[in-house]
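Student: Those sequence lines, one after another, are chains A and B.
Letter by letter, the first sequence follows residues 1 to 209 of my numbering.
Letter by letter, the second sequence follows residues 1 to 209 of my numbering.
Just so you know, the hints here were simulated from the structure itself, not pulled from any lab data.
Possibly wrong hints are sitting among the right ones.
It does not matter which identical chain is used: a pair holds within one copy or between any two.
Unchecked claim - Here are the simulated DSS-like cross-link-like pairs (lysine-lysine), alpha carbons at most 25 Å apart as the crow flies:
1. K185 x K149
2. K152 x K194
3. K194 x K64
4. K152 x K47
5. K138 x K152
6. K63 x K185
7. K63 x K27
Fair warning: this is a prediction, and the values are worked out from it, not measured in the lab.
Below are the chains, spelled out letter by letter.
Number of protein chains: 2
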Amino acid sequence: MTKGILLVISAPSGGGKTTLASGLLEKVPPLSYSVSVTTRSPRAGEKEGVDYYYVTEEEFKKKKDAGELLEYAFVHGFWYGTPRDFIEEKLHAGEDVLLDIDVQGGSQIKKNSPEAVLVFIIPPSMEALEQRLRRRQKDDETTIQRRLKRAKQEMEESSNYDYLILNDKIDQALDRLYSIYGAEKLRMGRARSKILAVLNESKKELKNG
Amino acid sequence: MTKGILLVISAPSGGGKTTLASGLLEKVPPLSYSVSVTTRSPRAGEKEGVDYYYVTEEEFKKKKDAGELLEYAFVHGFWYGTPRDFIEEKLHAGEDVLLDIDVQGGSQIKKNSPEAVLVFIIPPSMEALEQRLRRRQKDDETTIQRRLKRAKQEMEESSNYDYLILNDKIDQALDRLYSIYGAEKLRMGRARSKILAVLNESKKELKNG
Numbered sequence: 001m002t003k004g005i006l007l008v009i010s011a012p013s014g015g016g017k018t019t020l021a022s023g024l025l026e027k028v029p030p031l032s033y034s035v036s037v038t039t040r041s042p043r044a045g046e047k048e049g050v051d052y053y054y055v056t057e058e059e060f061k062k063k064k065d066a067g068e069l070l071e072y073a074f075v076h077g078f079w080y081g082t083p084r085d086f087i088e089e090k091l092h093a094g095e096d097v098l099l100d101i102d103v104q105g106g107s108q109i110k111k112n113s114p115e116a117v118l119v120f121i122i123p124p125s126m127e128a129l130e131q132r133l134r135r136r137q138k139d140d141e142t143t144i145q146r147r148l149k150r151a152k153q154e155m156e157e158s159s160n161y162d163y164l165i166l167n168d169k170i171d172q173a174l175d176r177l178y179s180i181y182g183a184e185k186l187r188m189g190r191a192r193s194k195i196l197a198v199l200n201e202s203k204k205e206l207k208n209g
Numbered sequence: 001m002t003k004g005i006l007l008v009i010s011a012p013s014g015g016g017k018t019t020l021a022s023g024l025l026e027k028v029p030p031l032s033y034s035v036s037v038t039t040r041s042p043r044a045g046e047k048e049g050v051d052y053y054y055v056t057e058e059e060f061k062k063k064k065d066a067g068e069l070l071e072y073a074f075v076h077g078f079w080y081g082t083p084r085d086f087i088e089e090k091l092h093a094g095e096d097v098l099l100d101i102d103v104q105g106g107s108q109i110k111k112n113s114p115e116a117v118l119v120f121i122i123p124p125s126m127e128a129l130e131q132r133l134r135r136r137q138k139d140d141e142t143t144i145q146r147r148l149k150r151a152k153q154e155m156e157e158s159s160n161y162d163y164l165i166l167n168d169k170i171d172q173a174l175d176r177l178y179s180i181y182g183a184e185k186l187r188m189g190r191a192r193s194k195i196l197a198v199l200n201e202s203k204k205e206l207k208n209g
C-alpha cells in the first residue's frame, strides 16, 4: 500500500490559508483535514473538533510530553499542536491529509517526515496583507503590527518549504494548490505501482496465451 | 535570473507522447520545443526542423564528438540526439523547454541536469498499447513486436523519472501534464525570488515612510 500524502500549508495570518484549505477540501472530498489542538479560546463561530480541539495548558503539556503531537509551536502566547494518531492512521491507510499550520510547525514536520509536501502561501505585497488584516476587523492595532512583523519573519523562514504560491487572486491560488496536489499524486515514488500493474498484467497474459 | 525548466517527456512508441507534447505546447505558448537530430529518414508528413533535423551518420558523429549533443541514443538502428545550444540558451534566458526523448536519453539528461523534470507516460495496459500501434498502421508485425518488447523494457527502466502519467484518456493525461508543469513553476527554488520581492518592496516602503 502506498502511503498517503501529508500536505502542509502555511501562510502569514491574513494570507488566505483558511480559505484555500476549505477550497481544496471541497475540490478533493477524500482529502482529510487534520484538526489542531490549541490552548487559545474559540473565536466567534469556531467549533470544537472542527476548527480546533480546545484544551487547557495542562492538557496540552500532557499530550506534548506523551509524544501525542507530531509538531507543536508557541505562537503569540498560545500553544498549537498536531495530533499524531489521526495523521498516521490516515497516511498508513493510503489516505491524504491536509495540515494547516505555521512555519515553525511545518519545519518540524519536514524534519521528521521529509516526504511531506509543504506549501507556503504569500500575499502579493505587505500592503495587501495589512489591508486584509484591517478589513477582517478581528485585531487591534498592536496585534496587526505584531502579525505584520511575524509575517515577514515567516516569509524569511520558509525556504525549506517545497512550493510557493503567491495569493493574488484566490481562485488562481486555489487552482495552483490543486495543481501541486495533483502533481504530487503523480510522483514516481507514489505512482510506480501503476507501471508494475501494467507489466504484471501483461505477464499474466503471456502466461495465459 | 531564475533558470528555465527543462521538461522531458518519454513514453513507449504509441504511448501518446507526441499528442501530449503538441497539446502542452498549445496550452503554454511560451514553452519551446527542442527539435532532435536523427539519422533516420523523414516519415510521410514530417518536416525538417519541425519534427527532426535529418542528418547523415557522419554528420551525427561529428556533432556527437564535438560535444554538441546534450544526450544521444541509438534506437532501432538509428541515432537520435538533442542539440545542446538551443536548450542552454533558452534555459539561461529563463525560458522553459520541452524535450520529447526516449528513456535512455532521459536518464542521461537527469544525470547531467538533476534539476530537469522528467515525466514518463504509460499506456493503461500492454493490450491498449498494442491496439494503438496496430491502429496507426505504420509498422509491420516484426516492428510492432519489437516496439512492445522495448515498451516493457522502458517501463522497467523509468524509475529515475520524477513523474508518471497513465495515459488512459488523452484529455485527462494532458491536464495532468499541465498540472505537473504548473506545480514545477511553483517550486520554492524557482519561485523564492517572489518572497524577496514582497519583502524588499516592504523594506523600500519602510525607508520611504
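Student: Look at each hint and say if it fits the structure.
Tutor: These are the hints, each one checked on the structure:
no. : hint        : result
1   : K185 x K149 : neither (35 Å within a copy, 28 Å between copies)
2   : K152 x K194 : between (43 Å within a copy, 13 Å between copies)
3   : K194 x K64  : neither (39 Å within a copy, 36 Å between copies)
4   : K152 x K47  : neither (30 Å within a copy, 53 Å between copies)
5   : K138 x K152 : within (20 Å within a copy, 60 Å between copies)
6   : K63 x K185  : neither (32 Å within a copy, 39 Å between copies)
7   : K63 x K27   : neither (33 Å within a copy, 50 Å between copies)
Checked against the numbered hints given earlier, this structure breaks hints 1, 3, 4, 6 and 7; the rest are met.
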